[in-house]
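Could you build the full structure based on these sequences and the hints that come with them?
Count the sequence shown with our numbering and you get residues 23 to 170, in order.
A couple of the hints might just be wrong.
[Claimed, not checked] Between beta-carbon pairs, the in silico distance windows are:
1) Thr62 - Tyr102: 44 to 50 Å
2) Val112 - Gly71: 39 to 45 Å
3) Thr62 - His111: 32 to 38 Å
4) Asp67 - Arg104: 43 to 49 Å
5) Leu98 - Pro38: 16 to 22 Å
Just so you know, these hints were derived from the structure itself, not from any lab.
Keep in mind that this is a model prediction, so the values were computed, not measured.
Cβ coordinates follow ideal geometry from the N, Cα and C atoms, glycine included.
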Amino acid sequence: MSQTKNNPRDLLRAFPAALVAAIGANLAVFLICTYGLDMTMALVDPESGERKVMGIQAIVGSSAVSTVGATVLLALLRRYTRQPLRVFHVIAGAFLVLSMIPVVFAPVNTGATRIVMGVMHVVTAIAIVTVLGRIGQRAPTASHALTV
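Printed below as a string of structure tokens:
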């Protein structure tokens, strides 16, 4: 592992790449399922029973929130731990598992929608962790870093 200066600008430069990777991967899954497999990705409102078709804006928004959260987390880990990437992977894995809870219990139109939503969560995690992880390999050199 290279020992380079812990520069927050590295993550600022990596953020757009991680965001594009997450959105692009999710849009690919969405478009393949919607147009290639002729699936309708829809949630059902539990109160009214009305179907609400999932749109591209939901995919972009959730990918953006996930990418911002992961970037902030990695920035903090780079600042305060000696092994930021290892800790980042553990926390990202835990968040992925927790993100499946709403997928399992979401009021969806079909089981296929539930599966595709789960795949999209995994694709998001892989894209973000891969792109940000390359930056996270740079360990902090500050003496205030904690050993984790």
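To see whether the hints hold, each was checked on the structure:
1. Thr62 - Tyr102: 44 to 50 Å: holds (45 Å)
2. Val112 - Gly71: 39 to 45 Å: Holds - the Cβ-Cβ distance for Val112 and Gly71, about 40 Å, lies within 39 to 45 Å.
3. Thr62 - His111: 32 to 38 Å: Check passed, 35 Å falls within 32 to 38 Å.
4. Asp67 - Arg104: 43 to 49 Å: holds (48 Å)
5. Leu98 - Pro38: 16 to 22 Å: holds (20 Å)
Consistency note: the structure conflicts with none of the earlier hints.
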